[in-house]
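Asker: Each chain, letter by letter, is given below.
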Amino acid sequence: MEIILQTLVDGLVVGAFYSLIALGYTMVYGIIKLLNFAHGDLYMLGAFIGFSLLSWLTGDGASAAGLLGIGVVFLLSMLLVGLVGMGVERLAYRPLLTAPRLSILITAIGVSLFLEYGTMIIWSPNVFVYPVQLPQTGWQVMGATITYTQVGLIAVSCLLMYALNLFIHRTIYGKAMRAIALDQTACQLMGIDVHRVIALTFFIGGSLAAGAGVMAGAYYGTINFLMGFIIGLKAFTAAVLGGIGSIPGAMLGGFVLGMFETVGTFWIGGSWKDVVAFSLLILILVLKPTGIMGEKVTERM
Amino acid sequence: MNKLFRKCLAVSLLLSLVLSGCGNAGQSTDSAAGGDSGNSSSGSEQIVIGFLGPMTGNNATDGKDMLNAVEMAVRKVNEAGGVNGKQIKVEVADDGCDPQMATSAANKLVSLNVVAVVGGYCSGSTLPASGVFENAGIPLVVTAANSSKLPEQGYQTLFLINGLVPDQAKTAMEYAMKKNAKNIALIHDNSAYAKDLADSAKAVVEQAGGKVIAYEAINPEEKDFSALVTKLKSLAPDAVYFTGYYAAGGLLVKQFRQKEVPGMFIVGDGSFSEDLIEIAGPENAEGVLISATPTAEFIEGAEAFVDEYKKTYGIAPGPFSALTYNGVNLLVDALKRAGAAEKEAVRVALKETKDFQALGQTITFNEQNTMDTSNFAVLQVELGTFKLAE
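From first to last, the protein sequence lines are chains A and B. In terms of this note's numbering, the numbers along the first sequence are unbroken and rise by one, the last being 301. In terms of this note's numbering, the numbers along the second sequence are unbroken and rise by one, the last being 1390.
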């Protein structure tokens, strides 16, 4: 019983990270049909910017910044990486918006490598230890350890996702996003500033990924410049799993993937983690290519 | 549109595979950390030796320590007038602890006409590199990598001055079993060295009547090992032996402590680094055991080396710096005895090494070009630093 509960909670935490990143994938795909492979690296960049801000704030970790400090750094990193996301869109993707999809996909991979090795040059290839780490105390529930941090992480993720949902469904920009996803040309004809809305999408996606990056840094404790690659692929898997283009799908996909991975690794063994994740991807593509919540996509096509 | 999406997906999956394969290869360029600037105009006045080690990637910290030791040794030799009147120049090749990168790094050194090579940190990348050097007839003095697969290749050009994996496994497991550990869990990270060490440990434990209750592998790129930790907690091991490198090792220690898994935690020498304590957090790392070749601080007679290293680089010498320092000095000695900077002569001189006095070890090679006596010991983390256990 304790094992089942423990695995569930651990899976939820992993899933929360996947969901946050998957949202960026799915939003960008939904709006301009681009699989943004640089997205995982925005997560990594968020972790690094958060690391530098925290180091600066705490004076090399001498004094703890406290929860408020982490909160400020968290929001600042989200803002900065959101801007980087917009910059990437402006410089690398916008000129190719009307080009064949393959060109823009390859550009995305270029951007990904650029971000990874740019980070390596700026911060060096070493493994960095986060200056502030979240507390590891918590409750003992039927033998399983559930820390405040884990609950906090899941809560913050859910809060961010809820806010995004409100934004998409209740604001004029959200409406514009949904409209552009349906028909970009028509939106342009109706006087919607399409580029601005696309830039906003990149901003939101980037900042969500950065938020996940800072949280992962503070939770696991270490960051390195290649950390975005694998998690980017996983988040992409989560997005496809949930039905790419669908926002609730990305959230669900992330949690399902995280859960499957943790349970799968528990049963089969640690080195099978990625195999489990990608087998799930293949299965879903064969059985239900639109993903779990993919109806919206077919409707849009 | 659906068709388009599937095409995109297929292409992207393919590309991602390609990317994951070559992600590291892109950085195989010469590191900025290169050795002496040297005066290339007087090529005949110099003896060029190579250094092979990770300058980038997860193990770059240890690689840098090794390079520092190489530069320190070479600077001393050059200041004392060089070898047979010639100055030594070091060419650095970055293997990134990646087999593909190591092969191209080795080829780079071959094309630079180095007379011998010192280094080799990860066994997984030293294995293919040693083949390249064997084909070119260039002697390789391995100062850190210690998989038993290295001497098993039977190469005449390969010399190992570090103890071998089976010796380490024996040291670690005998220590654990002496402390009444019967049920032992082994974890490796699927690298050649770590798997080799875990296999050796398994053999030692089973032979001594202990029980291996779990034999697990992790992916070193992961950050979340919660499933594995939960599983081991339910098995209640007396000791856990992790044989991989410190980046994953530190995280494992931390997550094991957070979930309060019982038993000793032992790591192999790939995790012997200050970074392990920093990553795990000093309070979590307290009491962690390490099976390793002791660092310079623990070697009698190496005080001068430690002082000079600290003065020059402002940090404590890493786990393999003393061994690497020994490797360069051994090579210099062989160069002197060989008389000529010619690779076959150097190889023969290395083979004929007899009772060479180095820091903490006396070097004489046996049939397999390895050491007869292992220098492994068990260390323990105490108040954030390493101490010899017992």
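In case anyone wonders, no lab produced these hints; they're calculated from the structure. A hint or two may mislead.
Claimed, not checked - Looking from chain A toward chain B, a few residues come up when the C-beta cut is under 7 Å (computed):
1) Ile3
2) Tyr173
3) Thr265
Just so it is clear, CB atoms sit at the ideal spot from N, CA and C, and this is done for glycine as well.
Asker: If a hint holds in the structure, say so; if it does not, say that too.
Answerer: Against the structure, the hints come out as follows:
no.: 1; hint: Ile3; verdict: holds, 6 Å
no.: 2; hint: Tyr173; verdict: violated, 24 Å
no.: 3; hint: Thr265; verdict: holds, 4 Å
Consistency with the previously given hints fails for number 2 only.
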